[in-house]
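Chains A and B, in that order, are what the protein sequence lines are. Here the first sequence is numbered in this note's numbering, starting from 1 and rising by one per residue. Here the second sequence is numbered in this note's numbering, starting from 1001 and rising by one per residue.
Hints in this document: simulated from the structure, not taken from any laboratory. Computed from a predicted model, the values in this text were never measured in an experiment. There's no promise every hint is true.
Stated by the list, open to error - For lysine to aspartate or glutamate, the following EDC-like pairs were computed, each having C-alpha atoms within a straight-line distance of at most 20 Å:
no. : chain 1 : residue 1 : chain 2 : residue 2
1   : B       : K1303     : A       : D145
2   : B       : K1075     : B       : D1052
3   : B       : K1303     : B       : E1339
4   : B       : K1303     : A       : D105
5   : B       : K1303     : A       : E140
6   : B       : K1303     : A       : D271
7   : B       : K1075     : B       : E1046
8   : B       : K1303     : A       : D54
Protein chains: 2
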Amino acid sequence: MRVHIIGTGLLGASLGQALSAQNYRVSLEDTSPTAQQLAADLGAGELSRPGDPDIVVVATPPDVAAQVIATALRKYPNATVTDVASIKTRLLESVRAMVTRDELDRYIGCHPMAGREKSGAIAARPDLFTARPWVICSDEDTPADRLGEVVAMAEATGASVTHLDPRIHDAAVAKVSHVPQVIASLVASQLRHAPLEEVALAGQGLRDVTRIAASDPRLWTQILAGNAEEVRGVLTELRSELDEVITALDLGPGSTGVLARAIALGNEGYDRIPGKHGQAPTKYAVVTVLIPDTPGTLARLFKDIGDLGINVEDFRMDHAPGRRLGIVDVSVVPAAQQELEIGLSSKGWQIPESAIEKEGNA
Amino acid sequence: MRVHIIGTGLLGASLGQALSAQNYRVSLEDTSPTAQQLAADLGAGELSRPGDPDIVVVATPPDVAAQVIATALRKYPNATVTDVASIKTRLLESVRAMVTRDELDRYIGCHPMAGREKSGAIAARPDLFTARPWVICSDEDTPADRLGEVVAMAEATGASVTHLDPRIHDAAVAKVSHVPQVIASLVASQLRHAPLEEVALAGQGLRDVTRIAASDPRLWTQILAGNAEEVRGVLTELRSELDEVITALDLGPGSTGVLARAIALGNEGYDRIPGKHGQAPTKYAVVTVLIPDTPGTLARLFKDIGDLGINVEDFRMDHAPGRRLGIVDVSVVPAAQQELEIGLSSKGWQIPESAIEKEGNA
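Start from the sequences, fold in the hints, and give me the full structure.
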């Protein structure tokens, strides 16, 4: 298969690297000769004329994607044209306004849900899409053979393919990606002028809530602007619940029911987030181990767990303020918890009493 | 030292277990005979009359703490009386209103910043306070010997002691603990009615932002109500920034600067969060390893890292939707990155190109 990639930033260059490794013949194109050359030098593909490509992937910034897609549909009359933009509805409307019905049938919008806080070809990596969702927005007019080509290309990168309507995709990413980003940034923003003695009390809870607040403003400005309606809808709903909480805090005694409800509704929403591997949410047994923070200690811990033949479902290292200690929470299926606790204790590891839950930071 | 603990819930019982293991003589008291007996059975202390305790620790729910502290100051005229409530200013004012000046000098407010999403003596563990901040709110009138007793007791639990003014403490926990809890709950709340096909797109970013949304509504209602003013102040500031974002999304083109600014201010606040062990923030080198999700694989990975003599500063396992794969990000000091990458590659581990940064979820 011959794939022509237009736009050699992080996503375009990473896709080129991934497909080149899977015997796809990849050609590259970018408005910046430098970016184009860098991507080629990094193994993303060739700079030769694409000739008659089977697939054209538009990996430009979202704000110019529609025009580039329309041009590509015209320039490569036999190619299936797809893209990697993280918003789909507005883009599809723009493309539809610029092309013929036949051309539109050759366009299949995609959103590989992979990214980094670093951008550009220099940050490209062939496994960027591995095990990430790759959303494909086709419709009943999409020819089966063209859809098959795009699915095959997505799967060649190691991504896991999901088919969604553009509107459902945009509503979904607003809730699971765009709004969490805005809110994490706003929470972190409140720490801007906090004295060090105050931020010194930060626990794992704050670290988790604000981790993605380190994201790139330029990238996110385009994403948020491109999905403005959906994001605004969710943020407005969130704000009305925030207003209730602020009012309740203002009124004091008698309105604590509102506070309890806010936390309880959060429990409810939290329980809807799928567990790992896209499975239904699972309550794992968490075994906590206290370890000295020295080279090789984690190695010994995980070797001991491995020797017990137990599979670690998830793990977290909590940060230990003021001392060189690590608190490791190891998640395993409940059935394996007792064996793990007894096994590790017998090997001299410090384990508290059994408990099937997660750590809080109250 | 003789310590009398009033209130044998999670914190009281855990404290009793920790101190009993450090040769403190601990006596227990709770309004519930059952809770009291359970704590004693779990090794938190004795049910005998305390006689003339050196320290009385009030570990009741915050809403009754003031009255219990005042009563204890009167009942035990030689004891230093302290507490574990997570809010300090309002509590101190209530106590001051109920006791004499001499009695007030024997009261030293504390907040051990440890907790779980589970409550009650049944969830108690002797290492609950290990490596967690233990805030002590003393003032110039606090006798040095009494302050020394409380510091010694806190350190005996393995906690790391911090001295703060009550108002600074309350302002700090509002920013680093209470507001993040409210916001995480509100973000999770937006997922309540999201179809499964939408939440199926959830990535690590959403999981991190909402992890603490699983917290206990009863506990948090008391905490939020007890620090209402500080929490309302921060939430109101956050809401005004949220309003700006919503307005910008409404206006569309031309107002994207507001969106970029919101994310940039989040970067700024994020950078103020201290790294592990309470040190200044450190940028670690992140080495990403792709592993099959089978028993013993993590063990082999960390054994290989240990064999290289490299200390793991932090690690994260990303969830792989739709396939049995794990993506492990191992954080090490930048100086050790290359050695780790070369070392792991030579042992057959799948490593992408070098990159000093964190994963995003754009």
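Hints, verified against the model:
1. The straight-line distance between the Cα atoms of B/K1303 and A/D145 is roughly 47 Å, outside the 20 Å bound, and the hint therefore fails.
2. Among the hinted pairs, B/K1075 with B/D1052 is consistent with the structure: their alpha-carbon atoms are about 10 Å apart, no more than 20 Å.
3. The suggested pairing of B/K1303 with B/E1339 holds, with an alpha-carbon distance near 15 Å, which does not exceed 20 Å.
4. Between B/K1303 and A/D105 the CA atoms are separated by roughly 53 Å; this puts the pair beyond 20 Å, and the hint is violated.
5. About 52 Å separates the Cα atoms of B/K1303 and A/E140, which puts this hinted pair outside 20 Å; it is violated.
6. For the given pair, B/K1303 sits about 34 Å from A/D271 by alpha-carbon distance, which is inconsistent with the 20 Å threshold.
7. Proposed proximity of B/K1075 and B/E1046 is supported: the alpha carbons are some 19 Å apart, at most 20 Å.
8. For the given pair, B/K1303 sits about 46 Å from A/D54 by alpha-carbon distance, which is inconsistent with the 20 Å threshold.
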